[in-house]
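Take these sequences, add in the hints, and give me the full structure.
Those protein sequence lines, which keep their order, are chains A and B.
Position one of the first sequence corresponds to residue 20 (this note's numbering), numbered consecutively onward.
Position one of the second sequence corresponds to residue 20 (this note's numbering), numbered consecutively onward.
You can take every hint at face value.
Remember, identical chains collapse to one label, so a pair may be satisfied in a single copy or spanning two.
With a Cα cut of at most 20 angstroms, we get these calculated DMTMM-like pairs of lysine to aspartate or glutamate:
1) K291 to E369
2) K188 to D274
3) K140 to D98
4) K140 to E99
5) K366 to E29
6) K178 to E420
7) K446 to E59
These are calculated hints, taken from the structure and not from any lab test.
There are 2 protein chains.
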Amino acid sequence: MTVEKSNRPEARSPRGFRDRMGAELAAERRMLETIRSVYEAYGFDALETSAIEYADALGKFLPDQDRPNEGVFAFRDDDEQWLAMRYDLTAPLARFVAENFDALPKPFRRYQAGQVFRNEKPGPGRYREFTQFDADTVGTASVVADAEGYMMLCDALEKLGLGGNYLVKVNNRKVLNGVLEAIGIAKGAASEGQRGAVLRAIDKLDRLGPQAVRQLLGAGRKDESGDFTRGAELGAAAIERVVALTEVNAAARGDVCDRLLALVATSEEGRKGVDELREIDNILTAAGYGDERVRFDPSVVRGLAYYTGPVVEAELTFQVTNEDGQLVRFGSVASGGRYDDLIMRFKGVEVPATGISIGVSRLLAALIAKGLVSTASAQGPIVVLVMDRDAMGGYLAMVRELRAAGLRAELYTGTAGMKAQLKYADKRQSPVVIIEGGDERAKGAVTLKDLALGAERAKDIKDRDQWSKGSEAQMTVPRANLVEAVKQILARGGRRA
Amino acid sequence: MTVEKSNRPEARSPRGFRDRMGAELAAERRMLETIRSVYEAYGFDALETSAIEYADALGKFLPDQDRPNEGVFAFRDDDEQWLAMRYDLTAPLARFVAENFDALPKPFRRYQAGQVFRNEKPGPGRYREFTQFDADTVGTASVVADAEGYMMLCDALEKLGLGGNYLVKVNNRKVLNGVLEAIGIAKGAASEGQRGAVLRAIDKLDRLGPQAVRQLLGAGRKDESGDFTRGAELGAAAIERVVALTEVNAAARGDVCDRLLALVATSEEGRKGVDELREIDNILTAAGYGDERVRFDPSVVRGLAYYTGPVVEAELTFQVTNEDGQLVRFGSVASGGRYDDLIMRFKGVEVPATGISIGVSRLLAALIAKGLVSTASAQGPIVVLVMDRDAMGGYLAMVRELRAAGLRAELYTGTAGMKAQLKYADKRQSPVVIIEGGDERAKGAVTLKDLALGAERAKDIKDRDQWSKGSEAQMTVPRANLVEAVKQILARGGRRA
Chain A
20 MTVEKSNRPE ARSPRGFRDR MGAELAAERR MLETIRSVYE AYGFDALETS AIEYADALGK
80 FLPDQDRPNE GVFAFRDDDE QWLAMRYDLT APLARFVAEN FDALPKPFRR YQAGQVFRNE
140 KPGPGRYREF TQFDADTVGT ASVVADAEGY MMLCDALEKL GLGGNYLVKV NNRKVLNGVL
200 EAIGIAKGAA SEGQRGAVLR AIDKLDRLGP QAVRQLLGAG RKDESGDFTR GAELGAAAIE
260 RVVALTEVNA AARGDVCDRL LALVATSEEG RKGVDELREI DNILTAAGYG DERVRFDPSV
320 VRGLAYYTGP VVEAELTFQV TNEDGQLVRF GSVASGGRYD DLIMRFKGVE VPATGISIGV
380 SRLLAALIAK GLVSTASAQG PIVVLVMDRD AMGGYLAMVR ELRAAGLRAE LYTGTAGMKA
440 QLKYADKRQS PVVIIEGGDE RAKGAVTLKD LALGAERAKD IKDRDQWSKG SEAQMTVPRA
500 NLVEAVKQIL ARGGRRA
Chain B
20 MTVEKSNRPE ARSPRGFRDR MGAELAAERR MLETIRSVYE AYGFDALETS AIEYADALGK
80 FLPDQDRPNE GVFAFRDDDE QWLAMRYDLT APLARFVAEN FDALPKPFRR YQAGQVFRNE
140 KPGPGRYREF TQFDADTVGT ASVVADAEGY MMLCDALEKL GLGGNYLVKV NNRKVLNGVL
200 EAIGIAKGAA SEGQRGAVLR AIDKLDRLGP QAVRQLLGAG RKDESGDFTR GAELGAAAIE
260 RVVALTEVNA AARGDVCDRL LALVATSEEG RKGVDELREI DNILTAAGYG DERVRFDPSV
320 VRGLAYYTGP VVEAELTFQV TNEDGQLVRF GSVASGGRYD DLIMRFKGVE VPATGISIGV
380 SRLLAALIAK GLVSTASAQG PIVVLVMDRD AMGGYLAMVR ELRAAGLRAE LYTGTAGMKA
440 QLKYADKRQS PVVIIEGGDE RAKGAVTLKD LALGAERAKD IKDRDQWSKG SEAQMTVPRA
500 NLVEAVKQIL ARGGRRA
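Structure representation (structure tokens):
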């Protein structure tokens, strides 16, 4: 029986989706476990919300979108209500808190790791399904919660082995608001579009440089492909004032605060923003998190419109080679901020909240780049070959003994001959295969093949010394010594993970 | 600033979706970890496919659907291709194997735990997003793979503490096909509808009893609500032959095989089915998995149309009280079977495969019902109260010391007074709160409140003995002894998880 080719669907993942296997998944699992242990130690509890929400509950808060309401996978339920797949873990948290407000302790501290979905154009390293690891504190306006979040993030990065290779960069939207107030752009619905354009312009400083940002703050900018992006339409003096803000730069957090205060002295909100930064500085300093780990950087704004106070971005500072062969900083792996108004959408009153989201695959890529997690395939199982189907009971006893000794072991479950079975074991990265044919059985013995040593020997057969060692790649031992002999081979190293 | 009520979205999960928290998630994580460790020991590797697939790649294999093609969340991509959320983990595996066929070792053994989505009517305990834990062996027609799957499932259930409380029930579709052949229903497209109706009828034996199954095998059946289900339109003799098959029952697997052979002796496929069961019996017996753990039960058919050989269902045999107050068996927690044709949809040639899927929330519910996992809330963090915002540095040092000692500890990050902070700690299930006011600080001391003991004392204030113990619920110790004193309190028991 066969199926005509024309009737067959093509076997492929949709654009922007992918499959992941063994070694990568194991590394990611260990990484998530490490982060989780730090977050738990800080008193955060696990929460898991559903992958699908009512579209109106998610709202239109997709980051970095010039066209809001796009970028989401949405569909109608059979009662005609619009459902959407979550695009982040913050909007579902806002829904959850509003739904369960009275029952929750305040502050409410939760972490959640989960997949999010973006209906966006995929690209290299840019997927439409990816994992975020969020931690948020809801129900307190105190920046102690923000500062604790930065410390917790530092601790997680240190525990992952990234000490000395990261910088947590902090800013405060209130300071930016102070500057906007000073140049005559008051908060409110009327200025929303313009404020958004200013945020997006500053957010591009790292990538495009100050000249492009000036254009984007002004009339607009035509990029290399000829596409024109409309600007924020600020006047020349206002543009220089915003650029001056982003260029405030000092190693010491206290010095940054002093310079910011000079720029926003006339604005009450601006002064409050600087006060908050000073309080954060005090907390961090008291807890031993110095400028070399957490810096104040006014060029950090984060694209999201809903941030209302301190914002944060964690950058990995070591260099990697990019696609064009240039050495570049690894860059951002986590970001977040305070969003005091988001839950108000449901509750009608302000519920202050702050959080940080880790981009899981970015961070995993960093750990791999730094050699902090193994990229080698996981060790394959010990494979017991099936030489004689009537002796199955004996083969089964072997795998059971090996597993009982804490080893990965499997019985070959296919129907092919010995040569194919050895090839299978090799493809599985098996360290040892066990062979019991009629001869061995008659003698109460088993033959063990050290596939790692065998592979090594095959690489360099010119070396006489290697040849003499080669005999060790296969040995016959009494059946009763099976587990002990396997452990001896594994102890040589070879393919052990 | 407030938002008008009429403009606010309602904060709620969509119908059939839910949020889960702390204790349940922790229990599920441990359970999945246990299953994973067994599957890894058997040589299965992790695979993670995307939650979204092309709809045509998923196909129309939704289980137990009288109306195929419904029950899926589907939507159009911007290039007009239909995407769908996966409704199980088997269809994506078939796609993955077909896509990567040449690169994979054969047999290919993978496990995957992940959420699946069904666009079905939700009900009590019936959600539209739930987790499955699957293990499959692809690329071998040998029933050694099926038998190993049953053993692995037994091992996982035993390791979870369910030894003596489960039964893995096995049947073979080939035997049923043999009976259908004997009553004149040959395989083929023409008989597909009728064969499906026979399968669905047998599948309802447990729930509806043999009389209803006879109706469903014949002209059809009107249920209590008056709804009519069309039957398989078998004649009276054929009905009795099918019912006789489902009623074959014996404690010993060998006896079941003997009786089945008598029913299908005229059919080659039927005889092959019995031979396969005998081989499975031999393997299980050799490996020490007796009839008390794995039984042959011809009433097990599983609704899925794509099964081609052995099928399996794991049932938990202990009793629980159902919604109507009746004692009933806990029932099915895992199922699966051999599906030799599923990958053919893509490849055009047969790729034999077999697998088992665990219903994760069903199994977790069973562990909770048996008291095998803790249903108590996870232990809350030790809470350091903020009595004096200027002393923040000192409070931060305390939480850091406690965390360094391996304890969960948090600084209160809200802005409320002492009474509200104590209430917060209580709501968090905090075992101990730390208080350092001006008096304590002046003396170089801290006060510890044992909230567990305090709560106990409040329950029974009539007992004199309790009163005198009450003094232990609060103590002041030198600041330097903080960690030691906390550990002493925790060692008393109280709220420890």
